[in-house]
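Put chain B on the given structure of chain A with help from the hints.
Each chain, written out:
There are 2 protein chains.
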Amino acid sequence: MRIALAQLNVHIGNFQGNLEKMIAAIGTARDQGADIVCFPELVVCGYPPRDFLDFEDFIDLAETSIQKLAVHATDIAIIVGAPSRNPVIEGKDLYNSAFFLADGIIRHVQHKTLLPNYDVFDEYRYFEPAHQYQTVEFKGKKIALSICEDIWNVGNENPLYTVCPLDEMMSEEPDLIINLSASPFSYKQASERIKVIRANVERYNLPLFYVNHVGAQTELLFDGGSVVMGPQGRVFAEMPYFEESIQTFDLQEVMTGEGTGEQPKEKMALIHDGLVMGLKNYFHKLGFTKAILGLSGGIDSAVTAALAVRALGPENVSGILMPSTFSSDHSVDDARKLAKRLGISYEIIPIAPGYDTMLSVLQPYFGDKPFDVTEENLQARLRGMILMAFSNKFGPILLNTTNKSEMAVGYGTLYGDLCGGLSVLGDVYKTEVYALARYINKDEEVIPENSIVKPPSAELRPDQKDSDSLPDYGILDQILYQYIEGHQSPEDIIETGFDELLVRRVLRMVNINEFKRHQTAPVLRVSTKAFGMGRRMPIVGKYLA
Amino acid sequence: MRIALAQLNVHIGNFQGNLEKMIAAIGTARDQGADIVCFPELVVCGYPPRDFLDFEDFIDLAETSIQKLAVHATDIAIIVGAPSRNPVIEGKDLYNSAFFLADGIIRHVQHKTLLPNYDVFDEYRYFEPAHQYQTVEFKGKKIALSICEDIWNVGNENPLYTVCPLDEMMSEEPDLIINLSASPFSYKQASERIKVIRANVERYNLPLFYVNHVGAQTELLFDGGSVVMGPQGRVFAEMPYFEESIQTFDLQEVMTGEGTGEQPKEKMALIHDGLVMGLKNYFHKLGFTKAILGLSGGIDSAVTAALAVRALGPENVSGILMPSTFSSDHSVDDARKLAKRLGISYEIIPIAPGYDTMLSVLQPYFGDKPFDVTEENLQARLRGMILMAFSNKFGPILLNTTNKSEMAVGYGTLYGDLCGGLSVLGDVYKTEVYALARYINKDEEVIPENSIVKPPSAELRPDQKDSDSLPDYGILDQILYQYIEGHQSPEDIIETGFDELLVRRVLRMVNINEFKRHQTAPVLRVSTKAFGMGRRMPIVGKYLA
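Line order of the protein sequences matches chains A and B. Letter by letter, the first sequence follows residues 990 to 1534 of this note's numbering. Letter by letter, the second sequence follows residues 990 to 1534 of this note's numbering.
The shape of chain A in the complex, shown without the other chains (with noise of 0.2 Å):
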């Protein structure tokens, strides 16, 4: 038996669309000779379809795809995933279900037993645990179907769920097990895959095929790396990273054979890959083309700049040099020298006639208060107001470009730095963004020298520095790491060999700029905690605070 696996780039709503590249994709494995075409959990609809589901209207639509799906399913069976309606009065209205399409019918629908529920996703929100739990035969082997997080409860130390749904179907002495997945990147995602991929076959001593989506979905990323594992625990193959792609295996080669193995797992070339297909989904999905942003002569632009480049092309790429009395001659330098290198077009925009202008509008009522962070938000703001008003006079989405150092500590001025459709490294912290830096530079300078290596400013007061009113990157993302990606205590944090004072007074920055984060772009997720969708606060919450 010749098992395809097609892992694809969907978009969520947009069923014709999805429909049309199964189709072409069901082609493509009838090429390739495979007698089963799997396709990834909710693909008619794109993954994750949110508060879409509370459409009659879209689970319709779901439904007929499905049809029109089945008429393709003649001389090759085909595994998709889809929404599908609970019959039952009692519970939620919906399954997340994959069927079993044969002969040109429905033969067979299991649902997900196991509904994640935490960080990004809300399954719980939407469907109704399986109940029943069967496998299907197909050219004499019996097919256990499983969802994405149905695999996950094998062999964990302390399991979110009581049910382990491949537990329930081996009283019927399955051949292989098939998972249908949309399971989000994070840089550390692809290898605890395999980890969990492997106790699933292990414990069962079965060969496991597992098909996961690629392409990004707003702030989710989908890194493919679609697995087949032979019931030794040896990977057979690891389909690739961040592009679609078709591949069809035959099940006694996995049985026994070695396979291509895995792919390597590098983490800044990951997250690189990652925010590169990020970048250039948010925009294709959207119907837009074309990006601009602030130089700085800073790292987190000049990095942004560089990735958007390798995402949407230089041609669709623009900088706006936007110095300030209180911006260094380095500053435009370095930010000249990156828009020659990237071959994108740039302007020079000075803001002081607008800053000047505020100051004597607003001086009648500040009088002669001093210089504070009004003055500094005011240039963060007359910056964005430039960016803005060519995004809408032109139609580029102005890319937002701070950290997630900045983003964790509220350094940053709402609707001026903060402002922006899409944010690219709102997820990579500063000490990340440098390596990603000197990832980009691996083969030839793009990113300038001085601008990875001078000390990091905002330049909106003389010779201001970020160390002024931060610690050094170095510590600070150590301790934010330890609280966001690890909720630890500030005891905990404090134990681990910080300044206790320092500690406290990191916490209380993250937990009382939540007002900032609620307000920003959607940050393309890269690792295990980010902000968004994953990580939901309280604004007014006193905790730490």
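Derived from the structure by calculation, the hints contain no laboratory data. Since we're looking at a predicted model, the values are computed, not measured. It is possible that part of the hints are untrue.
For identical chains, the list gives no copy identity; a pair is met inside one copy or between any two copies.
[Unchecked claim] Taking lysine to aspartate or glutamate pairs in the DMTMM-like style, the calculated list, with each CA pair at most 25 Å apart, reads:
(1) K1505 / D1108
(2) K1329 / E1438
(3) K1279 / D1361
(4) K1010 / D1064
(5) K1010 / E1052
Quick look at chain B alone, frame taken from chain A:
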């Protein structure tokens, strides 16, 4: 037996403050001769604590609060909601629990069974449902303890759940039901709540004591309105809306007496009082006293200002009038008249200097491209910039004045009039804003009649009217309500008598403007479906877009 219900306004994460408030309430209940005092769901930490629940340290603090409260349970029993740890390895780490404290110790714990996970609720994100049900006996009475949603699965036509926790307790023949709630306000909620309480009372033929949170936690309003219902299904007492209250009831009287009955439930009065409380609590819980807002002479800013004055006092509210060359004379007159009537300070700051400067700064790049949305947005952003400069220099929070109709169709400028720390009217449709203005004016004309009767206009280009780009609000709001609150399909809405092209255009406007709503302030929730945490939509979605 005498039972006290303490509907308190606690603060998320403020364990010490919440504990002090509860200890004071225990004293009051004792003075009222209560045998038992009941507090709302999760009262020790505030509701909803959201992802603070992921921190072990936060749970430790909640446990400590319960221990400290138990000390006070000597001559009075205490029923109190708090998170508790799940001692079993399998399943989620926490329960949402009701603690029964008596004789200085924890006498009994009943966990919540039905965990709402729709709209604004995420309880299945954190909590394991109860699998055990037991009443607790005190002074010869058996009490069935339940938590909020536990009583909401009775007699529904389409129940979300497959279990009914009170059914499970009835074999023990309890004498009364107590429910600890944190049930967010909408203008329909108080009526719904009484229907549900009655359905329980009638099913079990038992009296029910329902104690609810009061106060606002960021966007969520809790209206209190705790209910005591006798076994005949009569409301014995309904406690005040939108204020703290501690009242003690005699069980025997509740069984047979008439009581004081229900409160009036007039939609505009509820919305008005809810928004005033929401404003007051947002400021108070963040430690702020002063608000600022832009006054355009239009209805939205007028209503927002009037509500802010009622919440914070006229001495704490100030307005900025920022006319442009497109502003009509009456705009400034109406705004000035409003400010004088409200007794708030105001400044008039024309935006022409900033606007002219920015036009000349941008002229070399824009050339002779025609006036378009860019120049409109520029004006809105200059106003946002001026308001934020005042906010930064003097410390008030900027109030956002956008209404729900505008928020829905994206009729507003990101980083312009969409600025602000809190959206006061973002869940109030334009037609409801008019009704609210009339309600505010019911005793005397506070909001100038001209602001109510003149055609709405953004005044961002000559002779502009909202009706140039939007359908009449009377029609628009009906379409929006069917789509947003009702989840109706385009076909359903067209069938109710609206033009097909118009319906499709409006729904498309809603869906393609998700990116704007992603970046706006938290919206005080007064309806059954508000923008924000209760409505989760993909930004790149292609459905109806």
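These are the hints, each one checked on the structure:
1. K1505 / D1108: Both ways: K1505 and D1108 sit 20 Å apart in one copy and 23 Å across, limit 25 Å.
2. K1329 / E1438: Classified as within; 14 Å inside a copy, 59 Å across copies.
3. K1279 / D1361: Answer is between; shortest inter-copy Cα gap is 19 Å, intra-copy 36 Å.
4. K1010 / D1064: Answer is within: at 19 Å inside a copy they meet the 25 Å cutoff, but 71 Å across does not.
5. K1010 / E1052: Only inside one copy: K1010 and E1052 sit 17 Å apart there, 53 Å across copies, limit 25 Å.
When held up to the earlier numbered hints, the structure conflicts with none and fits them all.
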